[in-house]
Amino acid sequence: MKLPWLAALLTVTLAGAAGEVSAPIPAGGKDEALEVPPPPFSEGIFPCSSCHAGMEVNRTRRMLEDFHTEIELKHDEEHRWCLDCHDATDRDRLHLASGEPVSFEQSYLLCGQCHGEKLRDWRAGIHGRRSGNWNGHKRYLLCAHCHNPHQPRFRPLAPKPAPEPPRRPAR
Amino acid sequence: MDPLDGKPADPSRRSFVTAASCAAGAMILTACGPRRLHEFPKERLREALADMEKRYRAEYGGDVEVLDTPAIPGVLFAYALDISRCIGCRRCVHACVKENNESRDPQVQWIRVLSMKNERGVDFSEADPYYAPAEVPEPGHFYVPTACQQCENPPCTKVCPAGATWKEKDGIVVVDYDWCIGCRYCMAACPYGARHFNWAAPTIPKDELNRHLHVLGNRPRPAGVVEKCTFCIQRTREGRYPACVEICPVGARKFGNLLDPDSEIRYVIEHKRVLVLKEELNTAPKFFYFYGT
Chain A
1 MKLPWLAALL TVTLAGAAGE VSAPIPAGGK DEALEVPPPP FSEGIFPCSS CHAGMEVNRT
61 RRMLEDFHTE IELKHDEEHR WCLDCHDATD RDRLHLASGE PVSFEQSYLL CGQCHGEKLR
121 DWRAGIHGRR SGNWNGHKRY LLCAHCHNPH QPRFRPLAPK PAPEPPRRPA R
Chain B
1 MDPLDGKPAD PSRRSFVTAA SCAAGAMILT ACGPRRLHEF PKERLREALA DMEKRYRAEY
61 GGDVEVLDTP AIPGVLFAYA LDISRCIGCR RCVHACVKEN NESRDPQVQW IRVLSMKNER
121 GVDFSEADPY YAPAEVPEPG HFYVPTACQQ CENPPCTKVC PAGATWKEKD GIVVVDYDWC
181 IGCRYCMAAC PYGARHFNWA APTIPKDELN RHLHVLGNRP RPAGVVEKCT FCIQRTREGR
241 YPACVEICPV GARKFGNLLD PDSEIRYVIE HKRVLVLKEE LNTAPKFFYF YGT
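Going line by line, the protein sequences match chains A and B.
With the working numbering, letter number 6 in the first sequence gets 6, and the count goes up by one each step, no holes.
With the working numbering, letter number 94 in the second sequence gets 94, and the count goes up by one each step, no holes.
If you're looking for bench data, these hints aren't it; they were derived computationally from the structure.
Where hints are given, some of them may not hold.
[Claimed, not checked] What follows is a list of derived Cβ distance ranges for each label pair:
no., chain 1, residue 1, chain 2, residue 2, range
1, A, Glu70, B, Ile72, 46 to 52 Å
2, B, Ala200, A, Glu35, 40 to 46 Å
3, B, Lys158, A, Gln113, 52 to 58 Å
4, A, Gly44, B, Pro73, 47 to 53 Å
[Said to hold, decoys possible] Calculated cross-link-like contacts (lysine-lysine; reagent style BS3-like; alpha-carbon spacing at most 30 Å):
no., chain 1, residue 1, chain 2, residue 2
5, A, Lys160, B, Lys117
6, B, Lys169, B, Lys158
7, B, Lys98, B, Lys54
8, B, Lys272, A, Lys138
9, A, Lys160, A, Lys138
10, A, Lys160, B, Lys206
11, A, Lys138, B, Lys169
Keep in mind that this is a model prediction, so the values were computed, not measured.
For each residue, glycine too, the CB sits at the ideal point set by N, CA and C.
Given these sequences and hints, build the entire structure.
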């Protein structure tokens, strides 16, 4: 299913490349300073309002045919489409099921609505990769850094070379 | 007395006294010789480290620093690895080789990733470390990366005839490369295959040398000594995560202080299904495997 203007989050950055850091994560019990890198937008796509500002909002659920055709939704696509997560009034934000808007920096709140136990583990540092200091300043990744929100299944990777088998001396 | 000719039997009193005093002298002399690094007085250790730095600078060029960062009080390191997430990509293996200056040829790798079949479960007899498909994870397989389990009750340190390997206060089992005699008893004693022997002088490309060195950790080793994972002692004692934790693309690797109730490692132990390898051997590993899903 091709989908419209929700192209915002795209490429899955595996190798990390955390870049500079922003948006401290609120809540979660301890007020340890936790930081996430900026969301992994595909180049030139954000802010969404730069195109969408003057457009009329069409709330009919449909296949997109003119733009954002590269987005293939494989994330409960039978029940969902763009405007379930992307906000139609404030184009540069997402919204929760309650309608409360959230920024892309806090997209984990959106993911956590369904994947609550993953959010809990992520906050505790168990789900997902952390870097930095085990006894201090840590850096998190957003869900979208590893899981493309439109196709969240983790993609297979090419493995690094296997070890050499033991060499046996010639006799 | 010789029963045949009545003369004193060998050894004569004179040669016996000579030999005995030589032996006594030799015993005293050994006590004057070099001691293990952890017994060195501080200022002598600093000199020894400066010597090492000089040697490494001559060999590899550029600047190097050899540190002896001590254990942080109140810290006992432990590791947890999520077997339900590991995809067997071996990024950890190669990050470890770089971080810890492991020999490229002959190849030494502290981490070994074992590919196992789902239907067999954790079964070392059928584990395959040499898997090389185009993409991982392979259907029907899961992966168990192994390295030193940093046992609380390590069999390897007990068998060392030279006292060249021991458990530090923060739980890291280390090797004194200058004191190791290369007998490899520890390798035989380790039930996890976690110790590796330098059969030849290690080769490390000059431009790939990690120049941030710890004397008990990643400093380049000589030929003929045993080496092993040190939980990246040069990083973790400075508060950083080990290299393998930071590289893991699926975030399967967790590290922290076992004595801190708020640490990630304690969260894993308290909330997830956890296992250790070869529990029946009573080695009490501080390397835990868990199912995060």
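Tested hints:
no., hint, result
1, Glu70/A to Ile72/B: 46 to 52 Å, "holds (50 Å)"
2, Ala200/B to Glu35/A: 40 to 46 Å, "holds (45 Å)"
3, Lys158/B to Gln113/A: 52 to 58 Å, "holds (53 Å)"
4, Gly44/A to Pro73/B: 47 to 53 Å, "holds (52 Å)"
5, Lys160/A to Lys117/B, "holds (20 Å)"
6, Lys169/B to Lys158/B, "holds (16 Å)"
7, Lys98/B to Lys54/B, "holds (21 Å)"
8, Lys272/B to Lys138/A, "holds (22 Å)"
9, Lys160/A to Lys138/A, "holds (27 Å)"
10, Lys160/A to Lys206/B, "holds (22 Å)"
11, Lys138/A to Lys169/B, "holds (25 Å)"
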